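Asks: Protein chains in written order, with my numbering: chain E, 1 to 293; chain P, 1001 to 1358; chain S, 2001 to 2317.
Keep in mind that the hints were calculated from the coordinates and are not lab data.
Misleading hints may appear alongside valid ones.
[Stated by the list, open to error] Straight-line distance between alpha carbons at most 25 Å, and here's what the computed SDA-like set of lysine to any residue pairs gives: (1) P:1323 with P:1283; (2) P:1354 with P:1333; (3) P:1321 with P:1304; (4) S:2223 with S:2243; (5) P:1022 with E:154; (6) S:2079 with E:152; (7) P:1156 with P:1076; (8) P:1208 with P:1236; (9) S:2079 with E:153; (10) S:2079 with E:154; (11) P:1022 with P:1038; (12) P:1156 with E:195; (13) P:1321 with P:1305; (14) P:1208 with P:1280; (15) S:2059 with E:152; (16) P:1156 with E:192; (17) P:1208 with P:1283; (18) P:1321 with P:1301; (19) E:59 with E:243; (20) P:1323 with P:1107; (21) P:1022 with P:1041.
As the structure is a prediction and not an experimental result, all values here were calculated from the model.
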Amino acid sequence: MTAIDPLDMPVTEAGKGYWSGVGARLIRDPLTLICMSVIALLILSAIFAPWLGLGDPYKGSMIARLKPIGTPGHILGTDEQGRDMLARLIYGGRLTLFIGLTPVVLAFFIGGTLGIVAGYAGGWVNTLIMRTVDVFFAFPSVLLAIAISGALGAGIVNSLVSLTIVFIPPLTRVAEAVTSGVRALDYIDAARASGASALTVIRVHVIGNVLSPIFVYATSLTSVCMILAAGLSFLGIGVRPPEPEWGLMLNTLRSAIYVNPWLSALPGLMIFITSLCLNLLSDGVRSAMNVRD
Amino acid sequence: MSVTEPQTPPLPTPLADSAPDKGGPAQPLLIVRDLQKYFPVRGGILGGKKAVVQAVDGVSFEVRKGETLGIVGESGCGKSTTARLLIGLLEKDSGEIIYDGQDLGGALSLRDLRRGVQMVFQDSYASLNPRLTIEDSIAFGARIQGLSDPVGRARKLMDRVGLAPDRFAQRYPHEVSGGQRQRINIARALAMSPRLVVLDEAVSALDKSVEAQVLNLLADLRREFGLTYIFISHDLNVVRYISDRILVMYLGEVVEIAPVDDIWSSQAHPYTKSLFSAMPSMDPDNRTKEPPLAGDPPNPINPPPGCRFHTRCRFVDSVCKTKVPALRPLTAGGQHMAACHLHDLGSGHKLAGKDVLS
Amino acid sequence: MFSYFLRRVILMLPVAFGVSVICFLLVQIAPGDPLTAIMPVDATADEQAAMRAIYGLDKPLPIQYAIWIGNLAHGDMGKSIATGRPVAGEVFGAVNNSLLLAFSAAVIAFPIGIFLGFLAGYFRDTWIDRVVTAISIAGVSVPNYWLGIVLVIIFSVNLGWLPSMGAGPGGSQDWSWDWLHMRHLVLPAVTLAVVPIGIVARTVRALAGDLLTQDFVLALYAKGMSRGDVLRHVARNAAATALSVMGLQLGYLLGGSILIETVFNWPGSGFLLSNAIFQRDLPLLQGTILVLALFFVAMNLIVDVAQAAIDPRIKRS
């Protein structure tokens, strides 16, 4: 019984892993690559802002307030306190991106873990976790973020906390759904039947198969989180002045709307561009990872 | 292929690292007594427990060392639940599972049982982790059980089931065919050096030509490694080919159990009879004359009282509706057993002992 | 149908309980002593203790919660610290205005979203599809508080066509259906409609695209049914899902209006909420959040039941 039917022979290339396939598909997707570059550029310029030869984002000037776009020395003009807009927009990326992305990362780990545990364990553990999550779903995300931030008060840490709480429930729910799907498959039973502990089964057989859908879902939340994070600052319950942050800048520049209208819209444009790229990037990652919604 | 005498197999060269034999050749490898598993059905306004599905209800049988026991029955009869109970994937409600003389939950831990009993699943797609290479999938169990050189074992077994290790070891499940995946599943089960392998519809999803190859492989492996099989299928021809004895289940109960040749020549339970008569024959002189079984099996949530088959039985009598027939030998001390009032002269069935089945 | 409704209501109760617990805890997580807002700075320890006893703050949390719920049952949400008026009255007046805004946005968003989504799904992979997809991605990506500002710049600052602030002439709080008031509604409602247009369009596109490629559609054409009648069948199949998405969006509109109300000084719940936050008026904050969340819970219930009424498959699962 060593001969096998010739029709039964494999025809594919050997040893193509999942992740090399994902990489290959991403490289052939120009729109996703462009968005990735824009995001990378924003992050890099935010990190390396001090070395870019920009003006001081904190130093204002009473005589150079609200200079229009194109003013020599202030290519994007100055804000209501005479601070250089270009410098503030680039420095503003630091806090905006940090507060806009970190909560999703934290919620990905916390909610992912909760969801995998709930989905794998089933029973009362599942009921406990998922019914708690249901309660948080009773709040629209904007309302929940504003409620928690409003109660905690302004501040970077408070914003991170409230946004993380907002994004844990949806990630838990998705992680639970995909995990219970995988849990029902025979290879999990086969692994259990080999005597492996629950932790080993989860580590070897569950995580690899649920990670992509959870990850893709998390990427789709980044844009919402960005908008929300900046929105909290816009409301005055996020980052405190005088820190440069796009939402906060949008708020303080509202007073200039009749003086120099387009200048006052610039920080919002940055939020829009970032969130658009994050959304498109998420779509690209979704199709590269073969995840369906 | 089939044998009617209780085998005393020349106790085989077991797989390296197999757990040692404890009870000797006369001790059945597996004894199942009054196995029971009910599943709660939730529903109603509060989602409370509404009813139970009596998936496996009082199932008893033995599997001797080195034999193949075939289990047949319609879908939903409790075959797969029984299989999952036997390898400890489901927890039994009551009853005994005695592996090589040791009681599961008593002298035998679940971990030890899993060392000795492995399973091959039906769906070859769902039974392999798509993110693991074939080699890793096979080696996983051996690694968990702390057996020596898991990768070496995996490659040796791949070779044995007809998959060249150099070509297949680093491939992923989606890159190979259904027949190849089922070979991988077999190798994975064997990698833990089990003595009993439960094959749950292991060839049912394969093309006929591939099915034959895999059946031959299974037969060879059994001989070579001295394995014992429980072979679950709905395909009577396949079961006949591979089994020594056949067990017939209906709605969570055993209705008949007999050596394969005995049951092939005469079926003692009306349900078994209908199953066999529904089987197409290649011989034009051997036409199907019995009326085939009508309708679906009754709902296992609320199985009929008395004999569970009485709602579909051609020979039903009043006693069948009230009294549960016991599984008993047709002749004293015989191996052919059936649970039917027709064979019990004292049952009060008006056709009892009249030989209406043949 | 009635038993399904009853089951949904019973399942909703623990959620409503959880919502009330979260709203109760909101005040607890707030930094600082709730007393500082009402006590003079030089109050003695005895005076503080007496005040604590009056407000029940000396009791353990579960008792405080029970008292709070007991008061809620009588429609008493406490008094606003800033104005001293009962919270309930302030909240319901504001929620009325928010509902007006949310429904107006829905009236704009849903027909446009459905139309665009259906076009894209019907003409899948053509330029129409790509344009609609681009619109809907832009729609869900835009920070709507910024979009509001941009619309104000265009239509109020540059063109001077529409007012940028308030709900009526001269900061009027009383709504009426005349053009003097309604022109105040246009910009905030359009702004608020943009995100749901994107989401509804995306949902309907996926639904229509999937349904149109299904075998039953082919079978309908094969038996000679006209294009319009086939589309009616498709629409009926898509209705339940589309309805649930829209119902949820209506709830989100109410929550999402907070930022827009701030941009346009719309005297709704969001406006009230931001006032409550800045004046550290915790009872008002708590009451507003509670009412909005319970409204959202009720909205979910209505959506579920309506969906079950349309789609018989849901009741059985």
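Asks: Determine which of the earlier numbered hints do not hold for this structure and return their numbers in increasing order.
Replies: Numbers 1, 4, 5, 7, 11, 20 and 21, in rising order.
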